[in-house]
Amino acid sequence: MTGVADVLSAVCLITGALLSLIAAIGLVRFPDVLSRMHAATKPQVLGLLLILAGIGFRLRTGADITTLLLIAVFQLATAPVAAHMVGRAAYRSELVRRDLLLLDEAAEAADGGRDPAARLG
Amino acid sequence: MSSRAPWRGQLGAVVWLVLIWNLLFGEFTVGNVLGGLAVAALVLVVFPLPAVAFSGRLRPLPLLRFAARFVVDLVSASAQVAWSALRFGREPRSAVIAVPLRVPTDLNLTLTAEALSLVPGSLIVEVDREAGTLYVHVLDVRARADVERARAQVLALEARIVRATGSAEEVRLVQAASTDRGVAR
Amino acid sequence: MTVVVVTVAALLLAAALLTLVRIVRGPSLLDRVVATDVLLAVIVAALGAEAALNRHATTLPILVVLAILGFVGSVSVVRFAVRPPDGPDTDARGGRETVGERP
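Chains as they are written, first to last, in the UniProt record's numbering: chain A, 1 to 121; chain B, 1 to 185; chain C, 1 to 103.
Quick caveat, the hints were computed from the structure, so don't treat them as lab data.
Heads up, the beta-carbon is just placed ideally off N, CA and C, and yes, glycines get one too.
There may be inaccurate statements among the hints.
Unchecked claim - Using C-beta positions, here's what the derived DEER-type ranges look like:
1. 17(C) x 63(A): 28 to 38 Å
2. 44(B) x 27(C): 41 to 51 Å
3. 13(C) x 131(B): 15 to 25 Å
4. 175(B) x 60(A): 35 to 45 Å
5. 37(B) x 73(C): 26 to 36 Å
6. 103(A) x 43(B): 22 to 32 Å
7. 60(A) x 152(B): 33 to 43 Å
Isolated chain A, as found in the complex:
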């Protein structure tokens, strides 16, 4: 039993670390801020959950697992807010490489006179 949990823990930890590395590679290779943010979401959500699961499989006590749950809840509740703030700032401040966009319906809506970020046109 102990052996199984330890192996599961090791698998979770290695996968989590691997996700972080791939995210870092994406961060270096992707061409603009918004694409890089897609890469950044990985270790912050799935990677973190895997690491937390890895800790849980190793420690296996009630108090520690509630703390782990708390970490997961905080991270999952706050990460989207930060991501949205950064994404919106990037989109509004001309940092997006528009040549890479297949289509941009936010700008289309702005051209239609209805809405967002009208100055981006």
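With chain A's structure known, arrange chains B and C on it following the hints.
Chains B and C alone, transformed into the frame defined by chain A:
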């Protein structure tokens, strides 16, 4: 503050804060519960939040289905973004798509946006609160078909959330729209 | 277990170095904010992995704090340090608001 049940939301907030407080200490004791109540009261008095209109109810089974599907999406989207990060050669193209939600309440808008941002490969760049429209940045689109698939995925996510939290009327709205998909937009 | 320790350490070290590359190269402040977030996630992963492999829970409270702090950090940087080329139309657009709209 809604006139119908002004205390229901407050009560929920107190229970939630006390729970968090006890989890922070790692154990439930009388002292922790009392301390948590004091802190919760202080927080709610000092930082009052606008009431969220919640007209639906929580349904356990659809909630479970949403959670399970969320985990599946999380893993598959992570794998997809990982693949496009590792692939050599061409730069990934992306798109900003507009997705008008069928249930444009604040709560549904927030929940859908949160769930969407947690999954890699989709990112909210703008929110039109009045129209209930999310502007989503999608990574790695090659053709028009990819765009439509991404839009359908966002709407399916919204449908799962509404089935788990919405009122009966909102669920009907979502279901009606998903039966004649394709003209949904 | 030694194999696991070495593998995890090597992966996280490589990840941290690559994010540092992005932090140094930029080019914009937002790139650096995003990269710093990833670096923080790597640090959280390293602390967590260490706690798991040595079977202790002393660093878990630090992880709780970091889970909140990363968010506060990037939100405040974006909110106060990044000034998008905003015209007066921000106010004219009125009803459109999102999390943390400018006052």
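Against the structure, the hints come out as follows:
For the pair residue 17(C) and residue 63(A), the supplied restraint of 28 to 38 Å holds, since their beta-carbon distance comes to about 35 Å. Our hint of 41 to 51 Å for residue 44(B) and residue 27(C) holds, since their Cβ atoms are close to 44 Å apart. Take residue 13(C) and residue 131(B): their Cβ atoms lie about 47 Å apart, and the range 15 to 25 Å is violated. Our hint of 35 to 45 Å for residue 175(B) and residue 60(A) holds, since their Cβ atoms are close to 43 Å apart.
Checked against the given bound of 26 to 36 Å, the beta carbons of residue 37(B) and residue 73(C), roughly 31 Å apart, stay inside it. Roughly 44 Å separates the CB atoms of residue 103(A) and residue 43(B), a value that falls outside the hinted 22 to 32 Å. Checking the proposed 33 to 43 Å range against residue 60(A) and residue 152(B) shows it holds: the Cβ atoms sit about 42 Å from each other.
When held up to the earlier numbered hints, the structure conflicts with 3 and 6 and fits the remainder.
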